[in-house]
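Enquirer: So the protein sequences, as listed, match chains A and B. Residue numbering for the first sequence follows my numbering, starting at 1 and increasing by one per position. Residue numbering for the second sequence follows my numbering, starting at 1001 and increasing by one per position.
Simulated from the structure, these hints should not be mistaken for laboratory data.
Examples of chain A residues toward chain B, derived with CB under 8 Å:
1) VAL4
2) LYS42
3) GLY43
4) PRO44
5) PHE46
6) THR49
7) GLN91
8) LYS98
9) LEU99
10) PHE101
11) GLY102
12) ALA103
By construction, the Cβ of each residue, glycine as well, lies at the ideal position given by its N, Cα and C atoms.
If you want the building blocks of each chain, they are given just below.
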Amino acid sequence: EDQVTQSPEALRLQEGESSSLNCSYTVSGLRGLFWYRQDPGKGPEFLFTLYSAGEEKEKERLKATLTKKESFLHITAPKPEDSATYLCAVQGSGGYNKLIFGAGTRLAVHP
Amino acid sequence: NAGVTQTPKFQVLKTGQSMTLQCAQDMNHNSMYWYRQDPGMGLRLIYYSASEGTTDKGEVPNGYNVSRLNKREFSLRLESAAPSQTSVYFCASSDTGGRYGNSGANVLTFGAGSRLTVL
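Construct the entire structure; sequences and hints are all you get.
Expert: Listed below in structure tokens is the structure:
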């Protein structure tokens, strides 16, 4: 059964304090691993798609990496506006367009 | 460009009442989805429509029905609401063509959500 586990559940950082969020996954035939950002009261917003182990993608202070078992979202020198819940999802080959989401990591960045 | 629009944003129902959540997208996407989000749990797929004229069950379809009215619109109906259906509901859409990678992965665009409380 496809499964996604994110850790930690919540993370508090000081502005400028770099850290990483973890997404561990089990999936049959990975088609893609997705990172989304969700602000309170809003829908998830797409950040990255990673397709194969070893792939990396960057956007501003965020960098996503992928291995065969997990993905990391590295946040370098975060700012308060990076505060949000970050969701990880995987799409396997078993079901058409079916994404399995993790519960998310709530990130709070304080000045 | 509105993207994915959901209505209503908030709704309170009594147990046994029925209601329909509406969703429309203006991106000419083929596929549309309904998810629910509960505290401490990931987004869970209720139903999806791979293309106009087709619908399929997701992980948690019990107690719900859907209608793909046309390419733009995908509605979710609760026939007899139960307290267990208290949740935040998200509609999403995706393009099954141009945004595929080599592995066929799809990017979803989400609406802002509809918060439903069943008393």
